[in-house]
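A.B. asks: Protein chains in written order, with the working numbering: chain A, 1 to 212; chain B, 1001 to 1199.
These are calculated hints, taken from the structure and not from any lab test. Bear in mind the structure is a predicted one, so any value in this text is a computation, not a measurement. Be aware that a few hints might be false.
[What the hints assert, rightly or not] The following residues of chain B were derived to be distant from chain A, with all beta-carbon distances above 10 Å:
1) Pro1020
2) Asp1115
3) Glu1137
4) Pro1148
5) Glu1149
6) Glu1150
[To be verified] Simulated coverage check for chain B against chain A, where a stretch passes if three residues somewhere in it have a Cβ under 8 Å from a Cβ of chain A:
7) 1031-1044
8) 1051-1063
9) 1078-1089
10) 1157-1169
11) 1179-1189
No residue lacks a Cβ here, since even glycine has one placed at the ideal position from N, Cα and C.
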Amino acid sequence: MTRHHPDSLSLMEYSAGNLSQPHALCIKLHLDQCPHCRSRVDTLDSLGAVMMDQQPKVSVSDTSFEQLLARIDSVPAEAAPAAKTPRLSPLQKLLGEDINQLPWKRQLGDVSVLDISDKFPEQNERVVLQKLVAGGKAPAHTHRGNETTIVLQGAFADQKGVFNQWDFVVLNEQDEHKPVAVGCEDCITLSVLSAPLKLTGTFTRMLNPFIR
Amino acid sequence: MTTLEQQKAKPEGRKDPWGPLLEKVGKTQDRAAYHALFEHFAPQIKYYAISNGLASHAEELVQEVFISIWRRSCLYDWRKAAASTWIFTIARNQRIDMLRKMKRSSAEMAIETEDLWQIPGDNEDEPVTSLHRLMSERRIRESLSLLPEEQITVIAKVYMEHKSHQMVADELEIPLGTVKSRVRLALNKLKVILQDQNV
Chain A
1 MTRHHPDSLS LMEYSAGNLS QPHALCIKLH LDQCPHCRSR VDTLDSLGAV
51 MMDQQPKVSV SDTSFEQLLA RIDSVPAEAA PAAKTPRLSP LQKLLGEDIN
101 QLPWKRQLGD VSVLDISDKF PEQNERVVLQ KLVAGGKAPA HTHRGNETTI
151 VLQGAFADQK GVFNQWDFVV LNEQDEHKPV AVGCEDCITL SVLSAPLKLT
201 GTFTRMLNPF IR
Chain B
1001 MTTLEQQKAK PEGRKDPWGP LLEKVGKTQD RAAYHALFEH FAPQIKYYAI
1051 SNGLASHAEE LVQEVFISIW RRSCLYDWRK AAASTWIFTI ARNQRIDMLR
1101 KMKRSSAEMA IETEDLWQIP GDNEDEPVTS LHRLMSERRI RESLSLLPEE
1151 QITVIAKVYM EHKSHQMVAD ELEIPLGTVK SRVRLALNKL KVILQDQNV
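Bound conformation, chain B alone (with noise of 0.2 Å):
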């Protein structure tokens, strides 16, 4: 590593504990990074499978979402993005194509859930914006610790249990505006809503 890469990597590196490991796998195809990503974030996998109704099939989600960082790392851009929030969007595709395999008929499919579903860094013309992105995650785990219990189950149940705000709201028994409004004053905290239209 370059002097002038180890300034770039040094305070990230202290933020991000992950990202430095994620390039060695991408680098050098370290094993022990690769180990230590893999102890850290299988089990987060494997429950986020399980709480997906994919249960019999978590450990095969595990094992796709970590083939897939093996072959990806080398693409991995921590001014892109932190190395957790870039293993979640893998685990969420890789979630996404094991549901649409499952359902799969003989049918062709035109386009694939990458085209749809953006892993960050993989688009090279997308602008680098590093600092808003090394700030967000852990602004959104100071702002998570503030949000009252009802308004991070909401958001749980959309990330963790692939529901949607009305399934939220059916099981919940609570009306769907109530959900609505758990979210928006969630995300107003966090800082998503910049300029939602006046709908």
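Here chain A stands alone, though its shape is the one from the complex (with noise of 0.2 Å):
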């Protein structure tokens, strides 16, 4: 169904778990749609395996193994996890079940956008959600750093193409785009922004603080 996929290093440094959160999450929703995606984090995940085989190995107190089960023990009615029981995505248990009824706040014409960085209240990155009414045009802007989009509903198009629903894109400098929105829907995207973009038309550009 997607098309435009994350890159073999970006699914390396998430099967490493060394993504922020965040990044994890524009992944993570990517490849709950994306079969082809899992299977190459498949991959990776028993790369990370074999590393750890092929590494030195350091032993461990001969106590461990007595504590382990001294644990085991003292907790029997543990519950197992709950398998059975389907999981919320990630996005629902961050946003709830619409996202097209969150407070949304209308920017540049036909542009609304809402800041859910408080959600990862470890990370520095800013993590925002924008939403293009259908058909509705965003004013053309480039971008300062790395801007890692997922698109959570609907489309959009630019120079560059068709980003559909789940497709994952990066933008950085290079990448002037004037996305407009295609289809039916208004386009929902989410952003992890490690710096705010930039307008590139002639009057928006007094508008730039008001647009991230």
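Mind assembling these two chains? They're in different frames, but the hints should get you there.
C.D. replies: If you want it as structure tokens, here you go:
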């Protein structure tokens, strides 16, 4: 279904557990819908296991295993994790059932935004939801630093192509784009920004502080 | 164990000696099997903790990983991952959790580590693609032995030392582009790169 995938290097950093939570969230949302990338991550997880096996070993303390058994015996009734109940998707956990009903803040024209950085108190990155009304246009802008985006609903198009639901895209300073929401749904994206964006149109420059 | 299960488990058993042990722990809480897994994997996990900068918590991480293995082993499905891969993902998640706990303020966390990093087999809806998964670990081992040392070094730093590609570049004093191309070459041989975008 999806046509724009995370690159192998990002998947490797994900598999190694080195990504920040917001970045891992973007990857995880894509993986949940993309068997192709999930199978790449399976291979990378196996690479992790092989790396761990080929590194030096350090012997554990003599009492380590006894301690473990003592702990197991002391908490016999500890409930096994329930696999049967379907997990809520991380998106539902974060944002509830309907992302259309969030307290969106109208920005310029067709664009609404919602800053959800406070959901990730340990991180310094900005995490922003953006909504472009169906058929709407966003003002031309470039990005400072990297912006990782996943499409949560609808689709948008720019010079590089059409980005559908669960497509994954990374933009940087070189990418000036002017996204248009295509299809009959509002387009909602989740972005992790390492720096605010920069408007490039003549008029919109003065509005710059109001757009991220 | 039924005959059918034996037939299914047999070829796997030869390739992955740890899978059947993990299944025994899951099905019958077999402590001898658990001990054998501990003997093999605990020293790996302890090194993993130390190389990740958790030297003073290394024994603790080993304990947490093995408690998790005990509790989750009933969910282990050899068709979804080799035992060592499954254990690696548990060690990784426990390491992430430990680092989170260490720097956690009083702030309430909206999502758990396992919402973001899945353990293979946790999601029942996930289709079983056993052939691919069984192949991959053996193939990786074989391909890895053919890689030049400089590529293995970079991968080891990413997996074992919790380092980003940028940090690896800084440490080895080589350009970021060189690190990335070494990783790409390695992943290419490991067949992870199937259709990277031309970005």
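A.B. asks: All hints are to be evaluated individually against the structure, with a verdict given for each.
C.D. replies: Hints, one by one, checked against the model:
Its beta-carbon lying about 17 Å from the closest one in chain A, Pro1020/B satisfies the requirement of being farther than 10 Å from that chain. Chain A draws Asp1115/B into its interface by the beta-carbon criterion, the shortest separation being 4 Å against a cut-off of 10 Å. With a cut of 10 Å on Cβ distances, Glu1137/B falls inside the contact zone with chain A, its closest approach being about 4 Å. Once the 10 Å rule is applied to beta carbons, Pro1148/B is consistent with being away from chain A; the minimum gap is 15 Å.
Distance check on Glu1149/B: its Cβ is at least 12 Å (rounded) from any Cβ of chain A, clearing the 10 Å threshold; non-interface status holds. Chain A leaves Glu1150/B outside its interface by the beta-carbon criterion, the shortest separation being 15 Å against a cut-off of 10 Å. Under a criterion of three residues with beta carbons nearer than 8 Å to beta carbons of chain A, the stated coverage of the region 1031-1044 of chain B is upheld, 6 such residues being counted. Coverage of the region 1051-1063 of chain B by chain A holds. Counting CB-CB distances below 8 Å, 5 residues qualify, and the rule asks for three or more.
Remark: the region 1078-1089 of chain B is confirmed as covered by chain A, as 7 of its residues place a Cβ nearer than 8 Å to a Cβ of that chain, reaching the required three. Here's how the region 1157-1169 of chain B fares: 7 of its residues keep a CB closer than 8 Å to some CB of chain A, so the rule of at least three is met and the hint holds. Closer than 8 Å: that is the beta-carbon criterion, and the region 1179-1189 of chain B has 4 residues meeting it against chain A, so the requirement of 3 holds.
The earlier numbered hints that this structure contradicts are 2 and 3.
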